[in-house]
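Based on the provided sequences and hints, a complete structural model is requested.
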Amino acid sequence: MNAQELRINAKKNKITESKTDYVYYGVCAFILALLAVVVIYPLYYIVIASISDPDAVMTGKVWLYPVELTFSGYGQLFYREDIWRSYFNTIAYTVLGTAFNVALTIPAGWALSREYLPFRKFIMPFLIITMFFGGGLVPYVILCRSLGLYQNPLILIIGGGVSVYNVFMCKSFFQSNVPKEVLEAGMIDGAGEIRTFFDIVLPVAKSIISVMILFYAVGHWNNYIDAYIFSIDESFYPLQTLLNGLLDANSGGEGEVVLEQMRAATQIKFTSIIIATIPILIIYPMVEKHFGQGVLVGSFK
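Note that my numbering gives residue 159 to position 157 of the sequence shown, counting from 1, and the numbers run on in steps of one.
The hints are simulated quantities; they were obtained by calculation from the structure and are not laboratory data.
A virtual CB, placed ideally from N, CA and C, is assigned to each residue, including glycine.
Certain hints may be false.
Claimed, not checked - Taking lysine-lysine and the DSS-like style, the derived pairs with C-alpha atoms no more than 27 Å apart in a straight line are:
(1) Lys123 - Lys182
(2) Lys182 - Lys208
(3) Lys63 - Lys271
Claimed, not checked - Pairwise CB distance ranges (calculated):
(4) Ser148 - Ser178: 36 to 42 Å
(5) Leu98 - Asp191: 31 to 37 Å
(6) Met288 - Ile190: 34 to 40 Å
(7) Ser178 - Met133: 16 to 22 Å
(8) Ser237 - Val97: 15 to 21 Å
(9) Val29 - Arg147: 54 to 60 Å
(10) Leu283 - Cys30: 24 to 30 Å
(11) Ser178 - Phe121: 20 to 26 Å
(12) Ala31 - Ala105: 44 to 50 Å
(13) Leu106 - Ile144: 53 to 59 Å
(14) Ala31 - Val220: 30 to 36 Å
If you want it as structure tokens, here you go:
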């Protein structure tokens, strides 16, 4: 059978689509386009508002394109030493905190995925209980104070070291993606538990590790309340805490002072969102290729 005959047969076997099918496709395309606009427009508005005159933003003139282009809002932020210091603090907290979280979560998920783990049937219910019941903020602060972590920037790194939800996600991933035959082959070759974990398990866990890094990194990057709760010195403030304080500082006054503070707060609000979001936007594409597999395979059934 030559190529021409194959094309003829393909046309004969092709499923013809009715007008109803095209209407359905059109409705789906419209809904998806509408959802895309709903998601993208707020981000677009933040960008154009950050480079527009604050008076135009406050009066509602900015909605489709920048009005009276200005970068004074970025200048107010970038020329402040405390902004750069808090930026460095946030990067340090995010990198060290994420490494600490992942170093605890991945081994915990692997251990719980092994049926021969001692007391596994008793450990699982205790972990699940913590997902629904907690001691509250006051006992947590008291515990951290007794450990010497109150007013200590270290709490921003090791506080909330493990998410039980993430541990169970890793557990499900390992149960579905690490064949028993491979582990048995490693045991026959003389590999112990530690070597098995590092040489066999971790190489096939890149997707779930990427997901954990993204989850924990976003949590650390967006965390601002802990610095207030534990009375951290302002020189150790993360970026989000400092920006929150700047917005609060520009929210009081009288008469012309109020107007000027509102203008400054408007510029700072949008520009701060931009500079605080850029690092996460840079990191996400790096782990996006692993994200779908890690979440779907490791999620709860």
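Is the distance from the Cβ of Leu106 to the Cβ of Ile144 consistent with 53 to 59 Å?
-> 23 Å, violated
How does the Cβ-Cβ distance of Leu283 and Cys30 compare with 24 to 30 Å: does it lie in that range?
-> 28 Å, holds
At the C-beta level, are Leu98 and Asp191 separated by a distance inside 31 to 37 Å?
-> 36 Å, holds
Between Ser148 and Ser178, is the Cβ distance one that fits in 36 to 42 Å?
-> Given range 36 to 42 Å: holds, Cβ gap about 40 Å.
For Ser178 and Phe121, compare the CB-CB distance with the range 20 to 26 Å and indicate the outcome.
-> For Phe121 against Ser178, whose Cβ atoms are near 23 Å apart, the range 20 to 26 Å holds.
Is 34 to 40 Å right for how far apart the beta carbons of Met288 and Ile190 are?
-> The hint (34 to 40 Å, Cβ to Cβ) holds, given that Met288 and Ile190 are roughly 37 Å apart.
Look at the Cβ atoms of Ser237 and Val97 and judge whether their distance stays inside 15 to 21 Å.
-> 19 Å, holds
When you take the CB atoms of Ala31 and Val220, is the distance between them in 30 to 36 Å?
-> Holds, at about 31 Å.
Regarding the pair Lys123 and Lys182, is the alpha-carbon distance no greater than 27 Å?
-> 20 Å, holds
So does Ser178 sit 16 to 22 Å from Met133, Cβ to Cβ?
-> The hinted range 16 to 22 Å holds for Ser178 and Met133, with Cβ atoms some 21 Å apart.
Does the alpha-carbon distance linking Lys63 and Lys271 stay inside the 27 Å limit?
-> 17 Å, holds
State, for the Cβ atoms of Val29 and Arg147, whether the hinted interval 54 to 60 Å holds or is violated.
-> 58 Å, holds
Hint 13 from the earlier list is the only one contradicted by this structure; the remaining hints agree with it.
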